[in-house]
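Below are the chains, spelled out letter by letter.
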Amino acid sequence: MSTGSTIEFVHLHVHSPFSFLDGASRLEELVAGAAAFGQPALALTDHDSVAGAVAFHRLAQAAGLKPIQGAEVTLEGGYHLVLLARNPRGYANLCALLTCAHLGSERRHPTLRLREVPRELLTDLYALSGCRRGEVPYLLLRRRHAAAREAALRYREWFGRDGFFLELSAEPLPGTRALNRSLAELAGHVGVGLVATANVHYRHKADFPLHDLLTCVRTLTRLDEVHPERRLNAGNHLRSTAEMTRLLEEYPEAIRTTGRLAESCQPALELGVRRHPRFPLPPGEEDAPSYLRRLVYEGARRRYGELSRAIVDRLEEELAVICRQGFADYFLLVADVVGYAREKGIRCAGRGSAADSAVTYCLGITEVDAISRGLLFERFLSRERAENPDIDLDFDARRRDEVAAYVYRKYGRDRVAAVCTYHTYRARSALRDFGKAMGFPPEEIDRLARRFPWTGADEIDRAVRELPELRDGDLPLRRYTNLFRACAAVAGFPRHLGTHLGGLVIGDEPLTTVTPLQLAAKGVAVCQFDRDYVEHLGLVKLDLLFLRTLGAVEEAGRSILKRHPDFDYERIPSDDPETYQLINQGRTVGVFQLESPAQRALQGRLGASNLEDIVASVALIRPGPIKGNMVEPFVARRRGEEAVSYLHPLLEPILRKTYGVVLFQEQVIEIATAVAGFGAGEADRLRRVMTHARSLREMEEIRELFVARSIDRGIEEKVARDIFDCLAGYASYGFCEAHAAAFAVTAYKTAYLIRHYPAEFFAAVLSMQPMGYYPPATICLEAGLRGVPILPLDINRSGREFTVEDRKGRKGIRVSLARVKGMGQGALDSILTARERAAFRSFADFCRQVELDRGLLENLVLAGAFDRLHPNRRRLAWELGLPTVGAGLFAEVPTVAIPDYREEEKCALEWDILGFSPRGHPLRFLRHRLRQAGYLTTAQARRLPAGRRARVAGLPVRPHRPPTRSGRTVVFLTLEDESGLLDVTIFEAVYRRHGTLLFGGDRLPLALEGTIQRRGNAVGLVAWRLRPLYEVIGGRNAPADAEPPQEKGGGFRAGGAGRFAPGTFVHPPPAGGVPDGCGRTDGGGAL
Amino acid sequence: MKRVEVRCDSRGCPVKVRWRQRSFLVRVLDVWEDTGAWWEGEAEKVFYRVELASGGLLELYRDTGTGKWHVYRVYD
Chain A
155 MSTGSTIEFV HLHVHSPFSF LDGASRLEEL VAGAAAFGQP ALALTDHDSV
205 AGAVAFHRLA QAAGLKPIQG AEVTLEGGYH LVLLARNPRG YANLCALLTC
255 AHLGSERRHP TLRLREVPRE LLTDLYALSG CRRGEVPYLL LRRRHAAARE
305 AALRYREWFG RDGFFLELSA EPLPGTRALN RSLAELAGHV GVGLVATANV
355 HYRHKADFPL HDLLTCVRTL TRLDEVHPER RLNAGNHLRS TAEMTRLLEE
405 YPEAIRTTGR LAESCQPALE LGVRRHPRFP LPPGEEDAPS YLRRLVYEGA
455 RRRYGELSRA IVDRLEEELA VICRQGFADY FLLVADVVGY AREKGIRCAG
505 RGSAADSAVT YCLGITEVDA ISRGLLFERF LSRERAENPD IDLDFDARRR
555 DEVAAYVYRK YGRDRVAAVC TYHTYRARSA LRDFGKAMGF PPEEIDRLAR
605 RFPWTGADEI DRAVRELPEL RDGDLPLRRY TNLFRACAAV AGFPRHLGTH
655 LGGLVIGDEP LTTVTPLQLA AKGVAVCQFD RDYVEHLGLV KLDLLFLRTL
705 GAVEEAGRSI LKRHPDFDYE RIPSDDPETY QLINQGRTVG VFQLESPAQR
755 ALQGRLGASN LEDIVASVAL IRPGPIKGNM VEPFVARRRG EEAVSYLHPL
805 LEPILRKTYG VVLFQEQVIE IATAVAGFGA GEADRLRRVM THARSLREME
855 EIRELFVARS IDRGIEEKVA RDIFDCLAGY ASYGFCEAHA AAFAVTAYKT
905 AYLIRHYPAE FFAAVLSMQP MGYYPPATIC LEAGLRGVPI LPLDINRSGR
955 EFTVEDRKGR KGIRVSLARV KGMGQGALDS ILTARERAAF RSFADFCRQV
1005 ELDRGLLENL VLAGAFDRLH PNRRRLAWEL GLPTVGAGLF AEVPTVAIPD
1055 YREEEKCALE WDILGFSPRG HPLRFLRHRL RQAGYLTTAQ ARRLPAGRRA
1105 RVAGLPVRPH RPPTRSGRTV VFLTLEDESG LLDVTIFEAV YRRHGTLLFG
1155 GDRLPLALEG TIQRRGNAVG LVAWRLRPLY EVIGGRNAPA DAEPPQEKGG
1205 GFRAGGAGRF APGTFVHPPP AGGVPDGCGR TDGGGAL
Chain B
60 MKRVEVRCDS RGCPVKVRWR QRSFLVRVLD VWEDTGAWWE GEAEKVFYRV
110 ELASGGLLEL YRDTGTGKWH VYRVYD
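Chains as they are written, first to last, in the numbering used here: chain A, 155 to 1241; chain B, 60 to 135.
No wet-lab data here; the hints were simulated from the structure. Certain hints may be false.
[Said to hold, decoys possible] With a straight-line Cα cutoff of 30 Å, these simulated DSSO-like cross-link-like pairs (lysine-lysine) come out: (1) A:872 to B:75; (2) A:359 to B:127; (3) B:127 to A:975; (4) A:564 to A:716.
[Said to hold, decoys possible] Some chain A residues judged to face chain B by a derived CB distance under 10 Å, without partners named: (5) 362; (6) 367; (7) 373; (8) 377; (9) 378; (10) 386; (11) 388; (12) 389; (13) 590; (14) 592.
[Stated by the list, open to error] Far from chain B, by Cβ distances over 10 Å, these chain A residues were calculated: (15) 385; (16) 555; (17) 814; (18) 1169.
For every residue, glycine included, the Cβ atom is placed at its ideal position computed from N, Cα and C.
Given only the sequences and the hints, what does the whole structure look like? Please build it.
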């Protein structure tokens, strides 16, 4: 190394995980590495993307490095080219170029056609010739010197003599020395500069195996297979300045140029600049604030009639904050979107903290009266926090896209885009990807991955240590050591880019100056930044979410109106005793927000009698209040069984409505204000510190401030500390009252619909699947228990959706055709179109008119769609299975007698094809054997007194392990049989023995023994013994009549026997490795 | 692969190779690394393509696991 000034080298060609499966070190790692080498700057050049730009910018600045934004773009012919932004204009050009590349090509294959893009987009950029896949090196390696020279001249022409550089690589590949010599020679000939790069894909040499694995995932190869994109060696790490200087010692100028280029680049990203759109004002309106004020007051008069002083004061205060912070346009924009939905009859509701605002209420954005509820505007929009307000809107799920389309039309396709999400590696996805790459058999990987809960990839080891279903001994865990290690290393890596379900960004100028746009699967333009990054970029985000409940409510309302023309959803009485009776019984399956086992158990004890109780319920069943042990005191106080007390009289007015319990985030803010005299903004900071469980230091700081201020106001230190601890205890998970209130109204109304219009509401719920907590089979069961039969599939009566039919004065729900497995929109259309002409007279008639693929046709037959035309379902199935050579499907009619399926076989077929059976629950068919074995129905069990032991059997629904106060695992599940539901609790010791039965990935029917528990109207079973049902009532060697008759003359479906689930229903799973045989009765007589 | 004795300079680059019972001065033409089947525990190899002072080309590699040199390929 020469003496004199220190050489400054900067890595200008660097990939992060945002190269999606082509970068193996986190941005944090890369930035820390460059900083540790004393390099003054670092560039980020991911493939065809700047998704990492915001995170990189912030990390680099924090580490004292200059961030250089760039990308390695893919050109025609698959050539690579590195582009670096020299300044904000360069960054905007880069975004525009990347947008051209993405939108102008097939999805997932972005290609930049440099010849076709406007020349002005090629300014303010540096272009580097790229790795070996760059055009110039590629041609040189193939000794096509003349072509390489031509290409170099072309790039020089595009980017200018001082904008284009040939890259000398330090990669230790065969031929690198010769290639670098040729590049240097060429640079001299065409008069462009040289830069030294290392094509960095990870920080340390030791990270290479991970990168190789990611390459395998990306190229769909196994480790032992070859693929041209897999790298020969571990030479793509972040190298030190000394190492780069040594490796490229013949080219000191190329090293120096990197420092010079970095020096000349200005930071390209401008964070913290607000880029909100102006709302297009109607003619005659002066400015956004005055227009907003007019709309708010118009709305206020609609909502309140006479405006009291208090109302005006509150509106004025809110308007002042909104307008001072420059959000008037944003509120107008949201109000406009809601107005559009209203006009088009699209059901819509604002959720979240926006309901803390009286302005949003008056604008019709939310339905919660923030003034009469005393809700705090500060929770929604702080005057001290320069953050964007966040208004989330829910729409009828089926019509959300119409609303989005309106936004695109109104603000222009170039100014609106969907927010992206990064699909990041978690335990299951990492196990699947890497397991495959490491060559494990697919079934094994599937079995392994399904055992894992929804947990981070870095929590695999902990899960293996703690979860019995993973430790059960049937998993060869030692085989997976390397796999688990690799998974942990990629925890949280973005794997690919997806579309956020509801988020749209709207810009004040074309978005491509801030973010590249690319096409999402749905065909919408999506930006390369997620919701957080978008915010940092200063763009305004609008969340248009879809809520299936709103669709179900809409659909049910429409269906109710057919028979009850006076019905009006908006005028449902808010104090219907029968509705509260239903809620108090805990029979709330299907009720929005109140249907989980924990909610049903709560409702069985709470004795809700008004909307406030529902609001509290929505907020109570959350991890925070549960962990903070708030549920029991709340219920006891609500029932008057425990006195309400307050730590200080100041708390009484704030906590009175929640019986002295801190339930809502708004209350945290109010307490901080009342006790410590915090300003509204300070109080919200306190809430945020607590909510986001930030650093301990921050918590201590605010604690001392809180205590000191309280003492100043004459409050005892001990009391002040107690109050603070109480807040800190559960505010961490507290719920926003405004949000709870918004949801509570819908919860109550859906309960009302179930009480008074169960057929219409459950039909709508079944049509809108998937929605709610329970699978459709449970909804069908609940409908049946409420006297609404599920009517079988019928090719002439079943519609597109579930419909309500009158049957002998009673309403029933007809199964929809859409429910049939394999039914697509096209098939549905063709069936319904043909049926409009005339009802189908026979199966043959149907086949003549409608052409369906064979699998779907079989499903229709087996699920009973033709039962009314052909009473013998099995015979029809058999006929369908005949060889169709020459004469067509029905040329020959067999003469042998074919007995029809038995009831339980039909039930099982329907269960498989429809997800439930109109004939009832499969357990029905095992009942006599269960009775003999001493098993009760869940309905019988629910009638038993507390403390009684019982045996029950059924299908487990949604077993889950919520966080508990003690930190011990408790499993909750709902057991389902033909008579109803029974909520089951399984404590840690039992779960340790039987974890695999519950979370093994197969949904096996269970036989349980336990003790009945009663609290108020809530009944449950605490299970202390679990077995798979087949152990109790016989396995494969069950009585012969449980076996389907053998097919003659070639079965209608190869391997179709697996569908006879009543047989298989009680059999052990084929690959389970569990012993066959009936009735292991050890300990069974203990009852 | 055939073992071979190699004398290196201070940076680890081969300067002299003893091969077929004779010593040759060599000049390095190219260097690269090959990580091989890392998942089977293979160590990285560093390859050198060298020109013998007497004419002829050899490809040698040093197994970084054992530190031993081998002849990979001979161009006669």
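How the hints compare with the structure:
1. A:872 to B:75: It is violated: about 82 Å lies between the C-alpha atoms, which goes past 30 Å.
2. A:359 to B:127: It holds: about 21 Å lies between the C-alpha atoms, which stays within 30 Å.
3. B:127 to A:975: violated, 64 Å
4. A:564 to A:716: violated, 36 Å
5. 362: holds, 6 Å
6. 367: holds, 9 Å
7. 373: The hint is violated - residue 373 (chain A) has no Cβ within 10 Å of chain B, the shortest such distance being about 16 Å.
8. 377: holds, 5 Å
9. 378: holds, 8 Å
10. 386: Holds: closest Cβ of chain B sits about 6 Å from residue 386 (chain A), inside 10 Å.
11. 388: Nearest chain B Cβ about 5 Å off; hint holds.
12. 389: holds, 6 Å
13. 590: At about 14 Å, which exceeds the 10 Å cut-off, the nearest Cβ of chain B leaves the hint on residue 590 (chain A) violated.
14. 592: With a minimum Cβ separation of about 7 Å from chain B (threshold 10 Å), the hint on residue 592 (chain A) holds.
15. 385: Non-interface label on residue 385 (chain A) violated, nearest chain B Cβ at 8 Å vs cutoff 10 Å.
16. 555: Nearest chain B Cβ is 46 Å from residue 555 (chain A), so the label holds.
17. 814: Per Cβ check, residue 814 (chain A) is outside 10 Å of chain B; nearest 61 Å; holds.
18. 1169: Given a closest Cβ separation of 56 Å, the condition holds.
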